[in-house]
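Below, each chain spelled out in residue letters.
Protein chains: 4
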Amino acid sequence: MGGSIFGKLFTITTFGESHGKGIGVIIDGCPAGIDINVDFIQSELRRRRPGQSAIVTQRKENDEVQILSGIFEGFATGSPIAMLIPNDDQKSGDYSHIKDSYRPSHADYTFEVKYGHRDYRGGGRSSARETAARVAAGAVAKLFLNHFGITINAWVSQVGAIGMPYPPNNIDYGLIESNDVRCPDPKLADEMIQLIKQIRKDGDTIGGSVTCNITGVPVGLGEPVFDKLHAELGKAILSINACKAFEYGSGFDGITMKGSEHNDSFFANDDGNIATKTNFSGGIQGGISNGMDIYFRAAFKPVATIIPAQDSVDKFGQTTIITGKGRHDPCVVPRAVPIVESMAALVLADFMLRNKVVKL
Amino acid sequence: MGGSIFGKLFTITTFGESHGKGIGVIIDGCPAGIDINVDFIQSELRRRRPGQSAIVTQRKENDEVQILSGIFEGFATGSPIAMLIPNDDQKSGDYSHIKDSYRPSHADYTFEVKYGHRDYRGGGRSSARETAARVAAGAVAKLFLNHFGITINAWVSQVGAIGMPYPPNNIDYGLIESNDVRCPDPKLADEMIQLIKQIRKDGDTIGGSVTCNITGVPVGLGEPVFDKLHAELGKAILSINACKAFEYGSGFDGITMKGSEHNDSFFANDDGNIATKTNFSGGIQGGISNGMDIYFRAAFKPVATIIPAQDSVDKFGQTTIITGKGRHDPCVVPRAVPIVESMAALVLADFMLRNKVVKL
Amino acid sequence: MGGSIFGKLFTITTFGESHGKGIGVIIDGCPAGIDINVDFIQSELRRRRPGQSAIVTQRKENDEVQILSGIFEGFATGSPIAMLIPNDDQKSGDYSHIKDSYRPSHADYTFEVKYGHRDYRGGGRSSARETAARVAAGAVAKLFLNHFGITINAWVSQVGAIGMPYPPNNIDYGLIESNDVRCPDPKLADEMIQLIKQIRKDGDTIGGSVTCNITGVPVGLGEPVFDKLHAELGKAILSINACKAFEYGSGFDGITMKGSEHNDSFFANDDGNIATKTNFSGGIQGGISNGMDIYFRAAFKPVATIIPAQDSVDKFGQTTIITGKGRHDPCVVPRAVPIVESMAALVLADFMLRNKVVKL
Amino acid sequence: MGGSIFGKLFTITTFGESHGKGIGVIIDGCPAGIDINVDFIQSELRRRRPGQSAIVTQRKENDEVQILSGIFEGFATGSPIAMLIPNDDQKSGDYSHIKDSYRPSHADYTFEVKYGHRDYRGGGRSSARETAARVAAGAVAKLFLNHFGITINAWVSQVGAIGMPYPPNNIDYGLIESNDVRCPDPKLADEMIQLIKQIRKDGDTIGGSVTCNITGVPVGLGEPVFDKLHAELGKAILSINACKAFEYGSGFDGITMKGSEHNDSFFANDDGNIATKTNFSGGIQGGISNGMDIYFRAAFKPVATIIPAQDSVDKFGQTTIITGKGRHDPCVVPRAVPIVESMAALVLADFMLRNKVVKL
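If you're matching them up, the sequences are chains Y, E, F and D in order. In this text, residue positions in the first sequence follow our numbering: the first is 51, and each later residue adds one. In this text, residue positions in the second sequence follow our numbering: the first is 51, and each later residue adds one. In this text, residue positions in the third sequence follow our numbering: the first is 51, and each later residue adds one. In this text, residue positions in the fourth sequence follow our numbering: the first is 51, and each later residue adds one.
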């Protein structure tokens, strides 16, 4: 029960289903005085929007955000900020064929058993449409983080077998939005787009990964022993639909490394600040940011909705055949980029506030 | 601030440093009536204890648990269960050499900046000694889960380059505790042990991975959209010292798979229960358990304490040399096995309670 | 920061200001399967609505509730229930005279200092309009409590010096809604109404009290030692605008009683259930409901907005004169009745859920 | 379930029963750098200790506090502070007569039904012995508040019918500890002491009240709309054993006042600070401190343990007779004074931290 509230001080509560009136979020704890640029929120939502390019779902949603409260004369008042994104495209008739059946690797079966009463239209609450609320809230978190010079950039690092190396190296963030797949390597981007188009033609889907880098984080964010910075980042990212894995810093590669290779030597840089020569720690030591770049990677499985017929069962335990139709994403990662950034922003905003109370 | 409280209903609060009076935990929310077998708690602590074998740290700690409250006539009363594990081996003198210096890839620097006032003896709160409290609490969680037939088994799946395949397949859980490294493949276990002994001889350390499988989980655990079962598992596991990555189900392999390969077909098994033919979902769909085995893998970096001299800086920004001494683990994973199980048990216990309130 | 979230399992997050787009609430944790009667929610809102009678503020608000999510085919789905009550009557021009001045005993000064950036229109977030969200959420909580036979009745027990005895005795709940002031004693109700009309004529305001009785509560609600049932009730009621005091059971009268008078003897009643002969405990012992009626009383101060000129200061520290105008309540208690019931319902709903997880 | 955790940022988790190993608390969130004076903690515990005078229970407990963690070189480290107060006086044999019976107006019956498995020795977790942990934690909170010049004084304002006026006026705090009953009016103190001695001779008990005043609170503490400063104070105080009522500022007297009498006019005082001429608001407006003194009063019922025989029932529903024996308080308020102060300190410490995060 519950589960739609995230964050301790910069707290969001989200609501909404794919085929209800809309999707929305309340931010409780946004500091007063932040300049809330609604155009920026809207531009972030456009990065997540369906129908934005030829390689994503063609479902039509304008995703126009309405600010219901918490902002006065353009600034946050310190009171809850409520945002509503009405649903435009509610073709409920499309979904009667899955009312009583469980689509493989969707949440139909688990929701049915857990809640008894399921909104079967387009996945209801389990639809990835829910992530629009995360992006709206994440945009506000980014505006807050801007005050401190913190910048978050995510990009598609892999689609199927086509991938960039991890850890990331020499990324030109300016290229991320230059192509539909949001990969900063133009050549790989082309290959990824071709692959996705082929996959869509087959009525199939494909997995991918998103990598994220965060700069300008002050030393001190993260609250050991349980609320370590990377642990909350991990939870935040893993809670995104279709995410199956999370690694930060050396990640899985750390398994095969020796301490003498992995340890990041400290040195005092030219401004007298302490830095590390390498950054296998991924900017986090002991669960607390150390001032170096924070980077991580997240794996996304292939979307579960496919066109070919699949074996399944219905709620009466009878064998049935599920055939996909309609408008789904052949690969989730291009639209996942702003969602990953948003969840990272929400975690950092929360820890910025939690860190403010540490010292006398 | 804060950060030493974990769980929403089965809630633990931990305390203690490596060189203080002891380590401990309060469990607030353990249901009344559970038979609390203190011998079992003690046996779990022995699996984590230093000095248990030739391939772990030789630091001496008996780790004898004292029950301070919450148990009456052998059963949980529903009141907070407090457990204290006194520290035996407090050689504080050992640590004066690092009082003012920052050991590479330790938490010395980040704690110093965050809190200003640092307990520099053996890492203080950032020491892995803190995990003893997790294991004591996890043992109680396991006793609770036993009532529902839920079983958790973790094992060492990789040390350096020596590893077992993931996803796990045909694991003989009975073999896990048969060797010092806790790998259920005896041949690989031997190789791992030899590698760790060599690494120790070099004064170096090596990374590794732990894989975990959970059986008997009822359908319905997990609370979307943020408190998805795998998201909380991810946070719990990532909060363990030295953990760098988490994957569940298909994990990173899901990146290269197609939906038509990855989707787990439903069928009704012989008892009429719904199951899936494959289990790339890792027992979790839409963030909720589907009744299949839950499995995941965690990566651990090499321990930061090594013997060879390393460049670093002190708190005055001056260059310094850190030389390791003393008793550290050459590889953390053999002792991480019960910690991983404990954190998984705490997450499941919490979700068992949260799921009880879902239906009328 | 924060403060607009209430409840641990049956959790509400509210938003909205008096002169923004609207007021609203998200309920996260309402169990699936509850029949959500929107007409009932609307009828509860009408009990709180401005303009409902001659003795309340004549501000015009229709308070029409819109359900945005969480309900499907008339039943709660287990997903967040979002409700929006648009604001109709936004005469922002009315408030420019208090933009820079602090009205005595309002929240103008404290909000200005705390947040820096204040929505001065009609009190913004500190306006009692915020309580509409509580009533909408409380109505859903009542629908949930109906499943268990729990009934909550509040009424006006005092206005100025005109009052009913406390503890309550022989209340005819059917009479509460029979008069504008919501007092179940028709003769006293008349006197109260006359008093309020006279007070309004004087441009002044007057205090009052609301008493509440709850029947049908099962034994076991409340979570010692901090989250005792009466402690959470107290917090919930005290959080209502203008509330200054809370007593339950014997309350302040308990000060002058002896243990031999105050103790409630147990006996087994005719159905074999355990009951108490007297009920000075107010249905709660050790912070846990004992199955007897729960009753409490809340004191409300006179509304701060009055017509006569008052001395004050402005934000520049200069002496100024505040003159009231417009539409305010001469006495808050008639409209406070459904708010008190709603907060009590939210507390009980939360504890019903928390109690479900106690036993194996 | 749960209920032994209090506070959002300055968070305490308590444990312990009257006849277990001891009572204790973990503070998670105490800012690093605070000078922790253990003698002060001990002196506060002595104010609550049994056997301190002729008018309290003669049960023997030394209440010696042990610091288990979180303090290094005399200062808080920012890590959890754990404190243990071992139980000395465990005469469990005394309690077999109530093992199966329910003492009137105690928590025996409600604990039995709620948890099934009850520690019947001296009330177990429901014993007021639990409040020792609150006092130890409250002492640390006071040390924190000292840094900001905040001072909390509580005193006995009434025993039976012998009482001081409310709101408090011209209290000489220096006299509070000058007599056993902790009443700052020496003449009334004598009368109260005589009354309590007579009540004890009769084997009976008597109620009382405690009033509290807080000075030096900065403007801005409290988090509307639910976590208003007085609402959290109310919860905190009501959660103390035997507390039946809470009022702040004008309290119940506010019922009979007019707005024109009750409103507190603002003025700029000689230092240019804004103050109010009267203080019926009790230092809190809109749920936020306004810089004036905060004051409140709490009512405590007569202790339920009395010597004369009382009718009751046992767990089998059979009529039985309960006869008191042993060592109980004839009146709870003298020992409640430091507990009230402690709970107030914990609330203020929490809100000091929460307020730190409000502004950029």
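These are calculated hints, taken from the structure and not from any lab test. Treat the hints with caution; some may be incorrect.
In this list, chains with the same sequence are indistinguishable; a pair is considered to hold if it fits within one copy or across any two.
To be verified - Calculated pairs, EDC-like style, for lysine to aspartate or glutamate (alpha carbon to alpha carbon, straight line, at most 20 Å):
{"no.": "1", "residue 1": "Lys327", "residue 2": "Asp361"}
{"no.": "2", "residue 1": "Lys251", "residue 2": "Asp230"}
{"no.": "3", "residue 1": "Lys71", "residue 2": "Glu114"}
{"no.": "4", "residue 1": "Lys251", "residue 2": "Glu227"}
{"no.": "5", "residue 1": "Lys149", "residue 2": "Glu123"}
{"no.": "6", "residue 1": "Lys247", "residue 2": "Asp343"}
{"no.": "7", "residue 1": "Lys365", "residue 2": "Asp240"}
{"no.": "8", "residue 1": "Lys365", "residue 2": "Asp320"}
{"no.": "9", "residue 1": "Lys247", "residue 2": "Asp230"}
{"no.": "10", "residue 1": "Lys327", "residue 2": "Asp89"}
Note that the structure is a prediction, hence the values are computed from the model and not measured.
When no copy is named, should Lys71 and Glu114 be tagged within, between, both, or neither for a Cα gap of at most 20 Å? both (13 Å within a copy, 16 Å between copies)
Checking an output row: Lys365 and Asp320, CA cutoff 20 Å. Within, between, both or neither? between (66 Å within a copy, 16 Å between copies)
Give the relationship of Lys327 and Asp89 under a CA distance limit of 20 Å: within one copy only, between copies only, both, or neither. neither (39 Å within a copy, 47 Å between copies)
If the cutoff is 20 Å on CA atoms, where do Lys251 and Asp230 land: within, between, both or neither? Let me know, please. within (17 Å within a copy, 52 Å between copies)
Are the CA atoms of Lys149 and Glu123 at most 20 Å apart within a copy, between copies, both, or neither? Classified as between: cross-chain Cα gap 13 Å, same-chain 46 Å, threshold 20 Å.
At 20 Å max between alpha carbons, let me know whether Lys365 reaches Asp240 within a copy, between copies, both or neither. neither (43 Å within a copy, 49 Å between copies)
I want to check one pair: Lys247 and Asp230. Are their C-alpha atoms no more than 20 Å apart within a copy, between two copies, both, or neither? The answer is within: 12 Å in one copy meets 20 Å, while 51 Å across copies does not.
How would you label the pair Lys247, Asp343 (within, between, both, or neither) given a Cα cut-off of 20 Å? The answer is neither: 34 Å in one copy and 34 Å across copies each exceed 20 Å.
Is the C-alpha distance from Lys251 to Glu227 at most 20 Å within one copy, between copies, in both cases, or in neither? Answer is neither; intra-copy 24 Å and inter-copy 50 Å both fail.
Regarding Lys327 and Asp361, is the shortest C-alpha distance of 20 Å or less found within a copy, between copies, in both, or in neither? between (54 Å within a copy, 10 Å between copies)
Of the numbered hints given earlier, the model fails hints 4, 6, 7, 10; all others are met.
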